[in-house]
Structures are given as structure tokens and as C-alpha cells.
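Visitor: Sequence:
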Amino acid sequence: MDEPLVAIVGAGVMGTGISTLVVGHGLPVVLVDIDEGVLDRATAASANGLRHAQLAGALPAGVTPGKLRTTLSLNDVADATVVIEAVTELPEQKADVLAGVSALVRPGTPLISNTSGIPIDEMAAWVKHPGDLIGTHFMNPAYLIKMVEVIRGPQTTDETVEAVLSLLTRIGRRAVVVRDAPGFVTSRLLHPMINDAAEVVRAGTSTVEDVDTLMQGCLGHPTGPLRTADLIGIDNLVDALEALYARTGDERCRPSELLLEKVRRGELGRKSGRGFYNYSEAQS
Numbered sequence: 494m495d496e497p498l499v500a501i502v503g504a505g506v507m508g509t510g511i512s513t514l515v516v517g518h519g520l521p522v523v524l525v526d527i528d529e530g531v532l533d534r535a536t537a538a539s540a541n542g543l544r545h546a547q548l549a550g551a552l553p554a555g556v557t558p559g560k561l562r563t564t565l566s567l568n569d570v571a572d573a574t575v576v577i578e579a580v581t582e583l584p585e586q587k588a589d590v591l592a593g594v595s596a597l598v599r600p601g602t603p604l605i606s607n608t609s610g611i612p613i614d615e616m617a618a619w620v621k622h623p624g625d626l627i628g629t630h631f632m633n634p635a636y637l638i639k640m641v642e643v644i645r646g647p648q649t650t651d652e653t654v655e656a657v658l659s660l661l662t663r664i665g666r667r668a669v670v671v672r673d674a675p676g677f678v679t680s681r682l683l684h685p686m687i688n689d690a691a692e693v694v695r696a697g698t699s700t701v702e703d704v705d706t707l708m709q710g711c712l713g714h715p716t717g718p719l720r721t722a723d724l725i726g727i728d729n730l731v732d733a734l735e736a737l738y739a740r741t742g743d744e745r746c747r748p749s750e751l752l753l754e755k756v757r758r759g760e761l762g763r764k765s766g767r768g769f770y771n772y773s774e775a776q777s
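All residue numbers in the sequence shown are consecutive under this note's numbering, ending with 777.
Calculated directly from the structure, the hints in this document are not laboratory data. In this text, a Cβ means the ideal position worked out from N, Cα and C, and glycines have one as well. One or more hints might be untrue.
Computed cross-link-like contacts, BS3-like style, restricted to lysine-lysine with a CA-CA straight-line distance of at most 30 Å [said to hold, decoys possible]:
| hint | residue 1 | residue 2 |
| --- | --- | --- |
| 1 | Lys764 | Lys621 |
| 2 | Lys560 | Lys639 |
| 3 | Lys639 | Lys764 |
What follows is a list of derived Cβ distance ranges for each label pair [unchecked claim]:
| hint | residue 1 | residue 2 | range |
| --- | --- | --- | --- |
| 4 | Glu692 | Asn771 | 26 to 36 Å |
| 5 | Arg695 | Arg562 | 21 to 31 Å |
| 6 | Asn568 | Thr700 | 42 to 52 Å |
| 7 | Thr706 | Leu753 | 20 to 30 Å |
| 8 | Gly593 | Pro553 | 46 to 56 Å |
| 9 | Glu655 | Ala549 | 49 to 59 Å |
| 10 | Arg747 | Glu655 | 30 to 40 Å |
| 11 | Ser566 | Cys711 | 43 to 53 Å |
Go ahead and model the full structure; you've got the sequences and the hints to work with.
Guide: Next up, the structure:
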């Protein structure tokens, strides 16, 4: 996979961040979404992300960015050498996208679901060639965070694993391959912790700021769990927790009422300007 054409389906925060990462390493990307406005915002956000990554020294020096092409047509993934699905963490939406992509691409094309917790073996029922399916969990912002969790499903072939690891190396990412399970490693540990942090605030034990300060200063968490929730997107976090709760029955994964209240109020984190913290002044 020397010069792959990467198709990314879903132009939200994660799809845009992954697109920025890939084009920043000189590879072409076809970015697909069903909303023209979302694609326009993704194009602008990717350009800003490239500037940010270059200033941070997170992209290889002297590499000309690849071309980012946006489209409303899923048919445009047909010639891709690898497809990354990056839609919302809702099984029915992922099922529709993966089934559609699987019907278009050549057999042997790696199909990557960027997921925070839905088991790959569950998704395998949605594609024509389950051996081509694999999971990744990129962290946000994908163009800055070097580590990627890779999830091998029970039916994933060696060839698919090797192709995806080769792509990740090509775009400067270090991969850790884990076995399939609800939440894998990162979400199974992180998301209940964030949920617990929200419960601590809801119970009045501590303020948002003090929870994050204690987790940073005492336990070495780089940002604190509630700032992390704002970065993930509180709606995305709730979707992921609900998926985990449905598959594990773990009460720590039942979304905190505080998280649900914030979603109802549209306080989704950085992307909406307010979550546990207020970002609107910084964005103005």
C-alpha cells in the first residue's frame, strides 16, 4: 500500500480530524457526507487543523499535503484502497454505511470502522467480506495524537491487519492491536471514569474544575476527565456509554443524568461552545 487513496465516510469531528492527518502526510482523501454544509465546515476545519499541526511540528517537514476531495455520493468510495467509516456511534447508522461501502469496494479492500466501543464481530454481519473489516479508535484530535488502538475482530484476516498497520505507519501513527470486546481497552476504562466524574459533580462532592485539577495533579491525567468529555463531545460520549451499557450491563456505563441533561441543553463540549466548560469566548 505505497500510495493509497483513502476514503473517509462521515465528516464530523473525527472524520475531519482523520482526513487532516492523512492529507497532512501527503495522501489523497475522498471525504463523504450526506450534508453539503457539513462538508464545507469540514474543509475549513481541515485547513485550520493542518496549520495547527504544522505549527505544532506534528506533520513531516517538506511533505506537500494530499488533495482533499469532498462528495455527497457514497459511490465515490468505489476506487478507494482503504475506507474509514467515521459516522456517529449508533449501530444503525454504522450498519447502513458499512453495508453500502461493502457493496461498492473491491474484495480485499480494508474496511475500517473508527469506533469507540461497538464490537467488530457485531459489525461483521453488516459487510459482504467480514475478513476485510477491522476497527480503529483514533483519539481527538487525530492529527496530533500519535497512538491508535486497532481492534482485530475474530474474522479479520492477517492481510487486513497488515494493510492497516502499514497505512498507520505511513501516516506516522503507532498502533497497538487488541482483541475484540465491547469498549476494547481505551473506552472500557476511560468512559466509565468520565461517567463517574460527572456523578461526583452531580452529587455536589466537588466542582468541575476541582475534579479535573485533582485528577491532573494527583493522578497525572493530562487534561482531567471532564475536559476530556468536552473534547470527545458529550453527545458522542453518551452514545458510547449507552452502547457499552447495552453490551455489558455494567452500571458504571449507564450515562449520568448530568451528561444526559447537558445533551438535552445542547451543551456538547468544544464543538458547541459549551460543555463542562465555556469555550464560546475563546472561539469568538
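Visitor: Which constraints among the numbered hints does this structure fail? Numbers only, ascending.
Guide: Violated hints: 1, 4, 5, 8, 9; rest satisfied.
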